[in-house]
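Chains E and L are the protein sequences, given in the same order. No gaps in the numbering here: position 173 of the first sequence is 173 in this note's numbering, and each next residue is one more. No gaps in the numbering here: position 102 of the second sequence is 102 in this note's numbering, and each next residue is one more.
To be clear, the hints were calculated from the coordinates, so they are not data collected in a lab. Check each hint, because a few of them may be wrong.
[Unchecked claim] Partial pick of chain L residues on the chain E-facing surface, computed with a CB cut under 7 Å:
1. F15
2. R367
3. A379
4. S380
5. G394
[Claimed, not checked] Mimicking SDA-like on lysine to any residue, the simulated pairs with C-alpha atoms at most 25 Å apart in a straight line are:
6. K368(E) x N399(L)
7. K79(L) x R175(L)
8. K335(L) x E354(E)
9. K349(E) x R294(L)
10. K349(E) x N399(L)
11. K368(E) x R175(L)
12. K349(E) x G158(L)
13. K368(E) x S342(L)
14. K349(E) x G74(L)
15. K368(E) x L255(E)
16. K349(E) x R175(L)
17. K349(E) x P383(L)
Heads up, the beta-carbon is just placed ideally off N, CA and C, and yes, glycines get one too.
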Amino acid sequence: MHPVLLKTDVLFFVLLAALSVYVLYARRHEHLCAPWRQVARQPLGMAAAVILCCYLLIAILDSMHFRAALPAAGEGGAVYSRDLTSVFDVLVSPLRTNVERTYSAPFAAEAYAKEVVELADGSNERAYPRLEHGGAHLRDPASERGADIAARLIGGIALGSVLTLALGVVMVTMCARGADRTWAATALRMLRGDAAVPWRPIFATAGLLLLLLGCAIELSPFYHVFGTDQVGNDVLYQALKSIRTGLLIGTLTTLVMLPFALTLGLAAGYFGGWVDDAIQYFYTTLSSIPGVLLVAASALMLEVYMSRHGDSYASLAARADLRLLALCMILGVTNWTSLCRYLRGEAFKLRNVEFVEAARAFGVSDGKILRRHILPNIMHIVMISIVLDFSGLVLAEAVLTYVDIGVDPSMESWGNMINGARLELAREPVVWWSLCAAFTLMFVLVLAANVFADAVRDAFDPRLRGAE
Amino acid sequence: MKPSLLEVDDLAVQFGGQSALVRAVDGLSFAVAAGETVVLVGESGSGKSMAALAIMRLLPTTARITSGAVRLDGDDLFKLPEYRMRDVRGAAIGMIFQEPQSSLNPVMSIGAQLGETLVRHLGLKGAALRARIVEMLEAVGISDAAQRIAQYPHQFSGGMKQRVMIAMALAADPRLLIADEPTTALDVTIQAQVLELIKAEQKRRGMGILFITHDLAVAYQIADRVLVMRQGRLVESGTREAFYSNPQHAYSRQLFDALPSWEKRLREGRGPSPEAAEPLLQVRDLAIEFPIRRGLFKRVVGALRAVDGVSLVIEKGRTLAVVGESGCGKTTMGKGILRLMSLAGGTVEFDGVNLASLDVATMRRYRAQLQVVFQDPVASMNPRMLVGDIIKEGMLAQNIGASTVARDRRVAELLEQVGLERNHAERYPHEFSGGQRQRICIARALAVEPRLLVCDEPTSALDVSVQAQILALLRDLQERLGLSYLFVTHNIGVVAYIAHHVAVMQNGRIVEQGTVDAVLHRPRHDYTRQLLAAVPLIGHPA
Numbered sequence: 001m002h003p004v005l006l007k008t009d010v011l012f013f014v015l016l017a018a019l020s021v022y023v024l025y026a027r028r029h030e031h032l033c034a035p036w037r038q039v040a041r042q043p044l045g046m047a048a049a050v051i052l053c054c055y056l057l058i059a060i061l062d063s064m065h066f067r068a069a070l071p072a073a074g075e076g077g078a079v080y081s082r083d084l085t086s087v088f089d090v091l092v093s094p095l096r097t098n099v100e101r102t103y104s105a106p107f108a109a110e111a112y113a114k115e116v117v118e119l120a121d122g123s124n125e126r127a128y129p130r131l132e133h134g135g136a137h138l139r140d141p142a143s144e145r146g147a148d149i150a151a152r153l154i155g156g157i158a159l160g161s162v163l164t165l166a167l168g169v170v171m172v173t174m175c176a177r178g179a180d181r182t183w184a185a186t187a188l189r190m191l192r193g194d195a196a197v198p199w200r201p202i203f204a205t206a207g208l209l210l211l212l213l214g215c216a217i218e219l220s221p222f223y224h225v226f227g228t229d230q231v232g233n234d235v236l237y238q239a240l241k242s243i244r245t246g247l248l249i250g251t252l253t254t255l256v257m258l259p260f261a262l263t264l265g266l267a268a269g270y271f272g273g274w275v276d277d278a279i280q281y282f283y284t285t286l287s288s289i290p291g292v293l294l295v296a297a298s299a300l301m302l303e304v305y306m307s308r309h310g311d312s313y314a315s316l317a318a319r320a321d322l323r324l325l326a327l328c329m330i331l332g333v334t335n336w337t338s339l340c341r342y343l344r345g346e347a348f349k350l351r352n353v354e355f356v357e358a359a360r361a362f363g364v365s366d367g368k369i370l371r372r373h374i375l376p377n378i379m380h381i382v383m384i385s386i387v388l389d390f391s392g393l394v395l396a397e398a399v400l401t402y403v404d405i406g407v408d409p410s411m412e413s414w415g416n417m418i419n420g421a422r423l424e425l426a427r428e429p430v431v432w433w434s435l436c437a438a439f440t441l442m443f444v445l446v447l448a449a450n451v452f453a454d455a456v457r458d459a460f461d462p463r464l465r466g467a468e
Numbered sequence: 001m002k003p004s005l006l007e008v009d010d011l012a013v014q015f016g017g018q019s020a021l022v023r024a025v026d027g028l029s030f031a032v033a034a035g036e037t038v039v040l041v042g043e044s045g046s047g048k049s050m051a052a053l054a055i056m057r058l059l060p061t062t063a064r065i066t067s068g069a070v071r072l073d074g075d076d077l078f079k080l081p082e083y084r085m086r087d088v089r090g091a092a093i094g095m096i097f098q099e100p101q102s103s104l105n106p107v108m109s110i111g112a113q114l115g116e117t118l119v120r121h122l123g124l125k126g127a128a129l130r131a132r133i134v135e136m137l138e139a140v141g142i143s144d145a146a147q148r149i150a151q152y153p154h155q156f157s158g159g160m161k162q163r164v165m166i167a168m169a170l171a172a173d174p175r176l177l178i179a180d181e182p183t184t185a186l187d188v189t190i191q192a193q194v195l196e197l198i199k200a201e202q203k204r205r206g207m208g209i210l211f212i213t214h215d216l217a218v219a220y221q222i223a224d225r226v227l228v229m230r231q232g233r234l235v236e237s238g239t240r241e242a243f244y245s246n247p248q249h250a251y252s253r254q255l256f257d258a259l260p261s262w263e264k265r266l267r268e269g270r271g272p273s274p275e276a277a278e279p280l281l282q283v284r285d286l287a288i289e290f291p292i293r294r295g296l297f298k299r300v301v302g303a304l305r306a307v308d309g310v311s312l313v314i315e316k317g318r319t320l321a322v323v324g325e326s327g328c329g330k331t332t333m334g335k336g337i338l339r340l341m342s343l344a345g346g347t348v349e350f351d352g353v354n355l356a357s358l359d360v361a362t363m364r365r366y367r368a369q370l371q372v373v374f375q376d377p378v379a380s381m382n383p384r385m386l387v388g389d390i391i392k393e394g395m396l397a398q399n400i401g402a403s404t405v406a407r408d409r410r411v412a413e414l415l416e417q418v419g420l421e422r423n424h425a426e427r428y429p430h431e432f433s434g435g436q437r438q439r440i441c442i443a444r445a446l447a448v449e450p451r452l453l454v455c456d457e458p459t460s461a462l463d464v465s466v467q468a469q470i471l472a473l474l475r476d477l478q479e480r481l482g483l484s485y486l487f488v489t490h491n492i493g494v495v496a497y498i499a500h501h502v503a504v505m506q507n508g509r510i511v512e513q514g515t516v517d518a519v520l521h522r523p524r525h526d527y528t529r530q531l532l533a534a535v536p537l538i539g540h541p542a
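If we strip away everything but chain L, and leave its shape as in the complex, we get (with noise of 0.2 Å):
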């Protein structure tokens, strides 16, 4: 047993007065040895920010320490003065956080804030200081780095910026790294990557990492010891290998049976290849360009292919997933078809009718066939109606059910449909969990009784648990009712799961498409087998 670096005694946080008292972290205990990553796993809620915050004693100020003691190398962190704390933040413990975009100050050049950290712990100056800066971002693998020091935030991609936030965490050579989501926002292959630099750091250094995430094959990736956490309580802590070849708490099986996967397609029996159903939906050549305007009448000068050529065939009652990285044009593809966007060319063949040349009149009326679910199950509700009136505002809008009487009892059917309950119609979305919302969301969409389903990233601001909820009921939906999906994601474990064909998009093109088993066990295309690779697997460590 390696001497303890970092240890965390029975602390607890608590927030609110005394009307509403929430313990956001209740009697956490655990350590972190030098050398060693200590993964903090749970879902949102469950108070793993709040500790790794309260460990930096950087809470918000509604929220308070009501009980504990944090040692980092035996000092008593909560017993140092303010001014002392400040050598420690950065000096003795490097934080990463969750957005790169928000933790970078967008008006100082990469440098100047690679410079601050090391002039306030390090005291270096001049050329001293740039070559050390310099030495960093090259550690950090960016290229050029004596060019790019002079740049801001903004030139820098998702994936620099994380690194850069690394090599600000590192600066002065932390003994503790405290990393708080830090691949969350990234791609898989940009995920992959920056793990991998986080490792190799550590080797170097020799630091004690403190990693939280809620991805399970993330935490696999990393971790050395994994701890569970819910409602700000550690349920479970062992080592990577018990962990997860046997979970002893009942909440961390949950959380692996909730898992989206190919194995639990095949567990749940249902077959890999489905027989050819027919087309409902067939888009040929379909193009979406965003005008690029110059000059004083904004002129178009020119024009941004966001989607390029995309031909892709649905089939009735059955799930296409399109899968991607951010920025590929999946997520504009989807509002072309629904025709939320304008397009540059091509034809979108729905039942037989190019909706491409359709005028918008006779296009209203072809909306309730085409539906869709949006990503954010927050942003997806006008937050000033009431549920039963979001639900209904599409019946009215394409004169569904012939009074309200009758368009009430519909709602009530929908609510009880996905899984809710007849009077939550009374309520505002802001009363719902996310993933009440998001059966909300598909609620409202199934009121114009749709035929296509185009399902925009639904379940990726949800919890594993609540996902698992969401897929399950998207499934049997389709059973009962018919549904073809056209679903936009880029976790390639739902596409596993839900699927029946997959396309793979990139830079606005299909790159490869093909039944779900075909693309996913037998890529043939270069990017797809890239993407697949990156993606973190239970079980096979990178």
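Chain E on its own, in the form it takes in the complex (with noise of 0.2 Å):
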């Protein structure tokens, strides 16, 4: 096994350490502290939360990429092979690994299309084929297809409430050590809804997604639940493999965004003058071309670039990595003005405020000023505008790769799989699987990021904690 770090890995983790570091430092600041204990008594908020948990989860599994060593090695040392694997795809193996020929519809047994089959005496008929994973354990798949899915289903539910009960106990358990209660006590304060934090929604929550994991433990290795795509891959190992995809795109293009926004925002409206009106009139032009027209034009360059330097590149999937960072970039070049001009109204207020006078008053330098006064201000705002872009730029992934602008064709991402739906949906008998699992997944993220992003901005708004 020689473990590999894309380009976006690094960044991910970047990125997943800087949040680390910031929930330390909130937990010494009572001013960092108190917003997040108001988001933490959310009841939806907190449900988004767990929902956001897991995908995030899954997005780190996915991100930890490696090369498998292949099993022919040779003594002089271990052969890896080319493909990247991550340890998400080691631990749902049988949907990576269950390739049909091409199109099945979900829990089919049997392919969509009939084909013709060579019978055992030797003759040919246009039939449906058996699937080669689907269904496979099954022998007569009309008769005991049925019976069979509802008892894995049973199982399924069965395991998930035993993992939901698992769940409640280690949660209790943890409770009862940080607040000094018995543990029946936590656990009836807990169910009863007594506690600050809404425990019951987030059991709630936590306990669907552990049923529905369930479920898949028991019914994905014997079908696809989700059917299969044209190439014959699994189509909810597709869906589940583009939530990093689309998890990268809405954190790391924030990243790119945030240091244009912040120190283009809070120069212009500390200093203002000459250098407000030159930041004014450089983003008003950036904001007036269309977004899409610089996005492709950014694309389309780079995929030039590409093919040119075709074999600098250590493999097709580092080639694809790069192609999603450089759409990161290209998003958070466009969409910074926003956000800059938030910040600019909000310094440009602070400016004149008090505390910042008697600063001045005392001769601290400018950039003391707003490292130390103006900064940490305006944090609420870029909290907020962070969580509220972040589903948006998961569709606008979407809406840019459907336009063949955006990640890479051989990249799994909900971009990619509406945009095969396209010629999906054309043909009859109308394959919908793909369309549906890209957009229920989708939808649940984006969902769930605005009833976080809602909680969040509830929480850090001045102006709405005044009109409590």
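With the hints as a guide, bring both chains together as one complex.
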């Protein structure tokens, strides 16, 4: 096994590290803790957070890449596969390896289209051939399949319930230890909803996810839950792999965007005068160019560059990864203007607030004033816009990929799945499951992100706090 | 005894949930008769505004009425359905708020806003409506009313807006007027006019008035009866004469004692005219301009002179008060002296050095000598910093203190010096009350050992009793450390109490200056006389 760090993996882990540093820092600062505690008290927001955590976990697992050692390795040293595998791939390996020849419907045991099959007596017939993996354990799919699925579903639900109970026990134990109460009292408090944190919705959401997980564990080795696509890959696997792409676009873009928005917005608002004029002219010009046009131009330039320097990439995956990173950068560069405008306005207001004037009266330098007085007082806006922008960026990826200027076609992404569905929906009989799977997973992510963003904004926006 | 127009019976208002319950109003009972003015006096947080809002049933959503009844001419207002209550508001009870700015809709013309009430409650239309609007605006003393009804709120001055608000409140001929601090945001001369107007309208209409204020002198000008509230409870009530000649409750007496005045100064045995001292700061022909910019490239086409040729002298260990109404340029002048604003002309000679000619780096070194305390103690401190860090900031910028330990020790000393405790350095500003915050601001300014402190309305956001403490602290620090103060204020009482010299400012110029005794008691300039005459005084009905 040879671990490989793609460029986006590095950035993603840097981002996670930054997040943990922020958490550690915030724990020691009351004014940073208080709004998060308020977020933690909102039932809907916390349910959304559970879903987001689940997506995040998949993305993290899917970002740990390595090259598997090939079994035929000689003595001179291990030989590694050219293909990149992630920890997530290993965990869901039946999904990855159960590849059919072409389309098959969800839970199907036979192919979706008739083919010419050779019968035992040597004659040919047009029929629906059996799938290689889906329902392969059944002798007579027509009669056994329903009962088999039902049995496995019950098994899955049972497994899910066990997992849910286990999670509940762990959660109560941790809370009981933290709050210094007896185990039973803590459990009662949490179940009754007396605790400050709304444990019941958190528990319900986590339970629902675990039930789904249980069912998936029971069913997916034997059936294609979401069917297969044109080349026979499992659609559920693709949709899950797309999570990493979506999350990366949503988070890395922000990482690219922040330095621009922060430095330019603060400088424009705080210094005013010609600095303000220059920055304002710059971002008004940039924001009046249609965004899609800019993205398309940059993406096409990048494509030309990449095909010219094709041999400088270690693998197809590395190349696709670089293209994803470039997309994040392009989106970031074209998207910072609105945040910049907010920050400029806020810095402009703060510039004349009395504590800033007091600092100036002490002879504190501009750099220090910006760092110590202005920046901490606009961070809530940054926080709100990061979470609000996230869902928009996930959707933007789908749209851009649909018009072929998004991520690399070889990369799993919801945009690519939807793009493929354009043809699938046009054929007869219609192949609907690809679109449906991409839509469901993306919808849940965006909805959860929006709900969570609302909770964050309620807690961080001082104007909303005043209106309580 | 006249029959009561408004009866409030055992009113209680609560805030918050079970965990953090606040009784904003607690068992309040009083009555207002027709033609009578009852003044509710109290400091901030005493529940006086909550009581008024509860009577109108306009409480914020987090507050609720837990007991009591309010009867207007015998009708229990708390039992009326909301749609009937809408008829009561405006038609039977008129209300004026503190901020005329935020009470008027900026995108509706004055006439349209006034008309709304008339259409709603009197059903007037067309020419009759217009005639009535003009008539009402004229009644509240707005000239050219026929032309001005098409104008928008931003075209009216603060006092004019408050007149419009009064016209709106009186539009439907209410039987009761509730006025919540209607003159607090206004200058004294405008305040006198507005009070006069309210009194005249009351005489003409015979309505009852519930007047809410924190200012005992304003209360004296208008009250028939005075009610004193504290922490949601009524502590004293009585007729004006009885209350002002012989306040019963200890809290009322404390309020009177806290009022800064010439008499209080004499009582404390500080003479009116101190002997002359050496000058510390000499300002000559100071001018500050705001450039007017036009066009694509924002060329400067002209300038607005906010401060126009001001000359003054501050002596060592003395206080110079600059008085004037809002917009006269007194705050701008203070910032100009501190070089927080660029100067258009003049010299600022501090201990022999002309600050106006220094470059930025040299000025930075001089900043330790001149410090500032602002009006708003909430906005003066970065909410994200600990009090200790806030006080240390100046020391770090000026390289004062040898080490972190030495600076921490100094912070502790300063906190004790301004009457706080050492461990307060570990807290955030929001954990302190307004008065405590102002003490922290003073400690922060003192940290760099200044010789001149510019105090920009340092007590005007504070309650009377807290104001008295801060003034006493400033006086005490002056005696101990030999500080000089440039005290910018609009409050004549504060001037009389703390200043050695006074400069009166109008439209960016100083019209009169001299010792406090001379200016306050023998004013020579017309504007000074006018200003002093407008100040409401207890014992001198206007």
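Results of checking the hints against the structure:
1. Against a cut-off of 7 Å between C-beta atoms, the interface hint on F15(L) is violated, since the closest Cβ of chain E lies about 11 Å away.
2. With a cut of 7 Å, the hint placing R367(L) at the interface with chain E holds, because the nearest CB-to-CB distance is about 4 Å.
3. Using the Cβ-Cβ criterion of 7 Å, the hint placing A379(L) at the interface with chain E is satisfied: the shortest such distance is roughly 5 Å.
4. Taking 7 Å as the C-beta contact cut-off toward chain E, the hint placing S380(L) at the interface holds, the least distance being around 4 Å.
5. For G394(L), the interface hint holds, since its Cβ comes within 7 Å of a Cβ in chain E; the closest pair sits about 4 Å apart.
6. Between K368(E) and N399(L), the direct Cα distance comes to roughly 15 Å. Compliance with the 25 Å bound is thereby established for this hinted pair.
7. The suggested pairing of K79(L) with R175(L) holds, with an alpha-carbon distance near 19 Å, which does not exceed 25 Å.
8. Distance restraint check for K335(L) and E354(E): the Cα-Cα separation of roughly 11 Å lies within the 25 Å cut-off, and the hinted pair is therefore satisfied.
9. As the CA atoms of K349(E) and R294(L) are separated by approximately 22 Å, the hinted pair is consistent with the 25 Å bound.
10. Note on K349(E) and N399(L): the hinted pairing is violated, with a Cα-Cα distance of about 29 Å set against a maximum of 25 Å.
11. At most 25 Å may separate the alpha-carbon atoms for a hinted pair to count; K368(E) and R175(L) exceed this at roughly 59 Å.
12. Using a Cα cut-off of 25 Å, the hinted pair K349(E) and G158(L) holds, with the two alpha carbons roughly 23 Å apart.
13. Pair hint K368(E) plus S342(L) holds up; C-alpha atoms about 21 Å apart against a cutoff of 25 Å.
14. Restraint check: the Cα-Cα separation between K349(E) and G74(L) comes to about 50 Å, which exceeds 25 Å; the hinted pair is violated.
15. Note on K368(E) and L255(E): the hinted pairing holds, with a Cα-Cα distance of about 23 Å set against a maximum of 25 Å.
16. A hinted pair counts as satisfied when its Cα atoms are at most 25 Å apart, and K349(E) with R175(L) does not qualify at roughly 43 Å.
17. Restraint check for K349(E) and P383(L): the C-alpha separation of about 15 Å stays at or below 25 Å, so the hint holds.
Checked against the numbered hints given earlier, this structure breaks hints 1, 10, 11, 14 and 16; the rest are met.
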